[in-house]
Every structure is written in C-alpha cells, then in structure tokens.
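If you're matching them up, the sequences are chains A and B in order.
Going by this note's numbering, the first sequence runs without a break in its numbering and finishes at 499.
Going by this note's numbering, the second sequence runs without a break in its numbering and finishes at 499.
Worth double-checking, as some hints may not be accurate.
Each pair may be met inside one copy or between any two copies, as identical chains are not told apart.
[What the hints assert, rightly or not] Capping the alpha-carbon separation at 30 Å, the derived lysine-lysine pairs in DSSO-like fashion look like this:
#1 K256 / K455
#2 K196 / K455
#3 K395 / K455
#4 K455 / K243
#5 K395 / K243
Simulated from the structure, these hints should not be mistaken for lab results.
There are 2 protein chains.
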Amino acid sequence: MSPLENDTLLRALLREPTGYTPVWLMRQAGRYLPEYNETRRRAGSFLALAKTPALATEVTLQPLERFPLDAAILFSDILTVPDAMGLGLYFAEGEGPKFERPVRDEADVAKLAVPDPGAELRYVTDAVAEIRRALAGRVPLIGFSGSPYTLACYMVEGGGSDDFRVVKSMLYRRPDLLHRILDVNARAVTAYLNAQVAAGAQALMIFDTWGGSLAHDAFRTFSLAYIERVVAGLVRESEGRRVPSIVFTKGGGQWLEAIAATGCDAVGLDWTTDLGEARRRVGARVALQGNLDPAVLFADAESVRREAGKVLASFGRGHGHVFNLGHGISQFTPPESVAALVAAVHELSRPWHA
Amino acid sequence: MSPLENDTLLRALLREPTGYTPVWLMRQAGRYLPEYNETRRRAGSFLALAKTPALATEVTLQPLERFPLDAAILFSDILTVPDAMGLGLYFAEGEGPKFERPVRDEADVAKLAVPDPGAELRYVTDAVAEIRRALAGRVPLIGFSGSPYTLACYMVEGGGSDDFRVVKSMLYRRPDLLHRILDVNARAVTAYLNAQVAAGAQALMIFDTWGGSLAHDAFRTFSLAYIERVVAGLVRESEGRRVPSIVFTKGGGQWLEAIAATGCDAVGLDWTTDLGEARRRVGARVALQGNLDPAVLFADAESVRREAGKVLASFGRGHGHVFNLGHGISQFTPPESVAALVAAVHELSRPWHA
Numbered sequence: 146m147s148p149l150e151n152d153t154l155l156r157a158l159l160r161e162p163t164g165y166t167p168v169w170l171m172r173q174a175g176r177y178l179p180e181y182n183e184t185r186r187r188a189g190s191f192l193a194l195a196k197t198p199a200l201a202t203e204v205t206l207q208p209l210e211r212f213p214l215d216a217a218i219l220f221s222d223i224l225t226v227p228d229a230m231g232l233g234l235y236f237a238e239g240e241g242p243k244f245e246r247p248v249r250d251e252a253d254v255a256k257l258a259v260p261d262p263g264a265e266l267r268y269v270t271d272a273v274a275e276i277r278r279a280l281a282g283r284v285p286l287i288g289f290s291g292s293p294y295t296l297a298c299y300m301v302e303g304g305g306s307d308d309f310r311v312v313k314s315m316l317y318r319r320p321d322l323l324h325r326i327l328d329v330n331a332r333a334v335t336a337y338l339n340a341q342v343a344a345g346a347q348a349l350m351i352f353d354t355w356g357g358s359l360a361h362d363a364f365r366t367f368s369l370a371y372i373e374r375v376v377a378g379l380v381r382e383s384e385g386r387r388v389p390s391i392v393f394t395k396g397g398g399q400w401l402e403a404i405a406a407t408g409c410d411a412v413g414l415d416w417t418t419d420l421g422e423a424r425r426r427v428g429a430r431v432a433l434q435g436n437l438d439p440a441v442l443f444a445d446a447e448s449v450r451r452e453a454g455k456v457l458a459s460f461g462r463g464h465g466h467v468f469n470l471g472h473g474i475s476q477f478t479p480p481e482s483v484a485a486l487v488a489a490v491h492e493l494s495r496p497w498h499a
Numbered sequence: 146m147s148p149l150e151n152d153t154l155l156r157a158l159l160r161e162p163t164g165y166t167p168v169w170l171m172r173q174a175g176r177y178l179p180e181y182n183e184t185r186r187r188a189g190s191f192l193a194l195a196k197t198p199a200l201a202t203e204v205t206l207q208p209l210e211r212f213p214l215d216a217a218i219l220f221s222d223i224l225t226v227p228d229a230m231g232l233g234l235y236f237a238e239g240e241g242p243k244f245e246r247p248v249r250d251e252a253d254v255a256k257l258a259v260p261d262p263g264a265e266l267r268y269v270t271d272a273v274a275e276i277r278r279a280l281a282g283r284v285p286l287i288g289f290s291g292s293p294y295t296l297a298c299y300m301v302e303g304g305g306s307d308d309f310r311v312v313k314s315m316l317y318r319r320p321d322l323l324h325r326i327l328d329v330n331a332r333a334v335t336a337y338l339n340a341q342v343a344a345g346a347q348a349l350m351i352f353d354t355w356g357g358s359l360a361h362d363a364f365r366t367f368s369l370a371y372i373e374r375v376v377a378g379l380v381r382e383s384e385g386r387r388v389p390s391i392v393f394t395k396g397g398g399q400w401l402e403a404i405a406a407t408g409c410d411a412v413g414l415d416w417t418t419d420l421g422e423a424r425r426r427v428g429a430r431v432a433l434q435g436n437l438d439p440a441v442l443f444a445d446a447e448s449v450r451r452e453a454g455k456v457l458a459s460f461g462r463g464h465g466h467v468f469n470l471g472h473g474i475s476q477f478t479p480p481e482s483v484a485a486l487v488a489a490v491h492e493l494s495r496p497w498h499a
C-alpha cells in the first residue's frame, strides 16, 4: 500500500493536532455530480453500480477529482448486509429500496444467519481493495455500515417507512423477536466492518439513520446497545495505525453522552445540535463530526462560506473536529456550492488550529 | 356558557393540583375512527369537513363519545390561515395539502396581508362557538394554530416537503424575505388564536411541526422568535379564567429551555425526550405535555398500559403533566388501543398525585 499523504482526517478523529479542519461529505459520491449519473447510467442500475468493484471505485473517486476533500468513503449501499442474508434487495422505480422477503415472524427470524463477508459480500471487500489502490495514498478511505437497528427497520418493514409501524409493532409486541434480529445484525455488521478493514478501510462509520425515530428508552435498548456491541468487536488497528470509528445517529442530539460512551472515537452530529455545546458535553471523550445543514448548499457561495464559518466558530479553537454535513448531500446541490464549502473550511479553519 | 365540569386539563397546564393526569391525543378526531371517516365521506372532502361548522363540531365530539378524554380540540386544518391569505389551499389526491399560489418572491411577499378572523376565517370561530355549545361544559376546548415558521414552510414550498429545499433556500439566500413572511404570519396567528378565544376556546396550542427541521441557530431566529411574539400577543384571560398556551416543537427536545422561555404555560414533547429529564430542565417554569410514541398504540393493551405507566413514572410525583402522544395519532391505530391508553392513564396516574 502507498503511504498516506494526507492523514488529517485520521488525526482529527483521534483528537490529535492538525493544521486545519478536515472535510468530507456524507454521500459525496452521488447524484449531484453529472459524472456520477453518467457512470450510473452505464452501470444500468444503482445495484449494479454498487456491486461492480470497478464502477464503485470510479464513483468513489469522482468527488476527489473535483474537490480537495480529506477522505474518500466507500461507495456502497446501506442494505448490502441484509441482501447478503438472502432477503432479496431490489429498487422499485422512484420508491427506494425494498426487500422481497421481509422478516416478520418467528420462522423468518429463525432463518437469519450472519453472512460470510468473504463470500456473499466479496464485491464490497473487492471494491475496498480496488479503491485503496486507486487512491494511491492521497487520502484515507472510510468504510461503513448501517447500524443493527437501522438495518432491522428495512428488514422488518420490507423497505423505507415514514412511521415504522411494522418494526415498532414488533418492538412493543414481540421485543424478543426484534432482539434476535438485532443480535444477528450486530454480529453481521461487526464481521462486515472488520472485513472492510482487512481489505484496506482506514476508518469506519456506523450510520444509525433511524435510531432517532425511537423513544429515548427504546433507543438505548434497541439501537445503542447493539452499536456498542459492534464497536466493542471492531479491529482496533490495521497497517500499524489505529482505525477510528464514527457513530452517527440522525436525530440523536439529546443522547450524545450515551452515544459517546459506546467506545467509538467520534460522534456524528446533525444540524439541530449546537456543535459548541456538544463539544462541552462530550468533546473531552470523542471527536465530533458535522454539522452543516445540507440545505445551506442551495444558497450562494457567500452564504455557504458564512455558514461554514459559523460551524467552525461554534466548535472553536483546537482539534477533534471533522467538518461534514449533518446528513447526506442532496441530489439538487450545485457542485459549485461544494467547491465553495471545501475551500471555506480549509481556509477559515486554519486560525482555529494555530 | 355551561360551567366546566372537568377542568383537570386547565389546572394541569397551570401546574395546579389535580387528582390524576389529564389525557387527550393530538389528532384525536381522525381517520382511525370509523365514525370520522363516515362524516368525512358525507362532507365530500377534508376541506368541506373543516369548513362546515356543524360537521367540524360533529367530528370534534366523536372521540369524546368513545373515550373519557379530558379535552376536546377544535377540528380544523393547520393551513386555514394561509388559505385565508388567498394562497388557494387544495388537497391533491394522496399527496397532502398544496397551495395554488406559493409565496416565492418579492411580489408574492408584498401581497401578503393578515386575514380578518371575523371574515375569511369566520367558519373557524363559528365552529369553536358551536363546539362549545355541544360540549355543554363536559371538558375544555383547545384552539390551535400552526406556528409562523410551520405555516411559512407550506406557503413557500407550496405544499409538504421532505427536505424543505425551497423555504431553506430562501432562509439562507434571502432571510429578509422570509422575515417579512414570518412577520405577517405572527400577526395573523395571534389574531386567529385570540379570535378562537373570543369564540370560546379555553386553551391554545401552537403546533411548530417543522421548527425541528431547522439548524439550532436558525430555529431561534426563524421559528422561536416568532412563536414568542405570538405568545406575547395572546389574550391571557377569558370567561374569568386564564387561557393556558402550549407550544409544541416536534424534534425540539434539545431546545426545551428556550421554548419554555417563550412565555407559554406548557411545552409539548415528542417521544425522543425523557420526560423526567425535561421536568428537571424546565418543569419549574412550565407544564409538560406528552410524550408516548404513537407507535405504542399498534401493540396489545397490556403493552399500551405498561408504556403509559413508564411515561407517568418518568414524570413522577406531582402536578403539571398532561398526557398525550408525542405526535398525532396514526390512522392505523385500533380504537381499542386508545380506550386502553385513556383508562391506563387515569388509573395509573392517581398514585402519583396522591
């Protein structure tokens, strides 16, 4: 492997000194980029894109060609793990992801097993290895997975949901069943993330996209407890360096102390949380990642710069901040806004690190 | 007006002693009730139902016939005010509310004016008066409005949204325009709520449904500041009693202290906030309303009872709690679950008030 030229992200995630605040964007390889849409068209479908290592590599690197971002993140789908469990992932036109065989009862749950990352998920680890070669040490590569509860939402609902009626009915009626699913998911996610590290991932992120839809006590029991198990099972070092882990619960601002106590190195924040307050609450224990409202990128370059400056000022002087959006970048974002954002973060953050 | 037989809600909202915890449910007159669907069918459309005082009265009282709830809430739509401003509210089949003439630029904003509650919104105050007569003092009647920012979301987007791209673009590009809309909305909402009180409403609730989609600082500037102006302009007393006000920002758990400082009497909470912690944070200043996850009502009666008990225990001993869901009741709720919930709250709360 080539030596890492820019390790700012890895140092920031471990709260080590850096000369500026590193920046990357959730979903940075995505539909706001015309070149991404072109590759996707060539692939034929989103799933073909995610499942073909050469194409996943191509789109992973696209945003780095345009913007001086401080990290690459594996291009993949959040639902690869349940798909590898045999649930039959597909994308209905304009409807988002669906499963042919959702998990609804005892019999469905009994059939679940931890997939072998070296077999059913080989296309992911192959992509990780190919991306690392293509990156040639420019910036670190972040691997990722959905959280056990977030995966369970899709597995039980059979797709997306706006009220989580099916999975929450199971949670309140048959918590034992949901716990069995979450147990399998936690083991599967741990093995999956560790396989990504073995293939070359240099940092890891757990996306707890739907943990924030839970009641405060249910969040701890059904989402956080399993994230904690995943984090505890992660490989700590690879290639002679620590592999930092980031946990991001969308809508989890009220639970930061608990999330920071999972053993992760960094906590992701959405834009509803004041970064400075979050730092006072948990910044002595973890790095913080976030948290610009992605909607700011719909504004002009001057507003983007001003709002980015506010996020940096909110974190304040010192280290341990990774700049990001508070959620994935919108497909309607003008790429010029991203250029303005990355430039602003790099420039405006230097005084805070002096 | 008939004397009030059950004023438990009003006393709880003012943190006065009560023998048990009063309970009502957001959207309690709604599609989970077959009799509601029957009246709606007769009305021809949702808007006809909301705009015909006799029918609005009929559906407002329906849940009270089934369940011993401690309050009625005016049946109406959240968008009556912008409709009265001439934006042309309509409901596209299966798509939710839309406006024919959304507010997008200087010229649109210049045309906005505060509607006269006694003219364009007369059907609402007529409904309030008719409901009061029909209630004949059984329980108090709650009037309501959307918050200035929540109304602005619909007015600028032209309907619902999952990313608020249009209104947030205005917020970051042309904050001056959005402030002008919010100024009109704040005056309109104040006049509207006061007209409801004049017609007979005995408590008021401001639904800040979309304030929680804002970044923490934008929430204060664009939502909370205008809620504060509305609350400051509300009539404090009617029929010789204080008219308590409730502010509910969905997703506002991180901002409770600020919401409690608006001058309202009570703060609504969604289910992501620990009620006991909320009480420690702001319970000396305001009553708290909430906060069961509406999804609990999809479970069996025993689970409903257990989860209701947990909410009551979380608030703990003493007064100043109004039991509610953390969001509107789902149309898929079995009415038996509501019966179980109301019975559980009434029974299980007594020891906490002893």
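Hints, one by one, checked against the model:
{"no.": "1", "hint": "K256 / K455", "verdict": "neither (50 Å within a copy, 34 Å between copies)"}
{"no.": "2", "hint": "K196 / K455", "verdict": "neither (39 Å within a copy, 45 Å between copies)"}
{"no.": "3", "hint": "K395 / K455", "verdict": "both (21 Å within a copy, 25 Å between copies)"}
{"no.": "4", "hint": "K455 / K243", "verdict": "neither (39 Å within a copy, 34 Å between copies)"}
{"no.": "5", "hint": "K395 / K243", "verdict": "both (21 Å within a copy, 28 Å between copies)"}
In the structure shown, a violation is registered for the earlier hints numbered 1, 2, 4, in ascending order.
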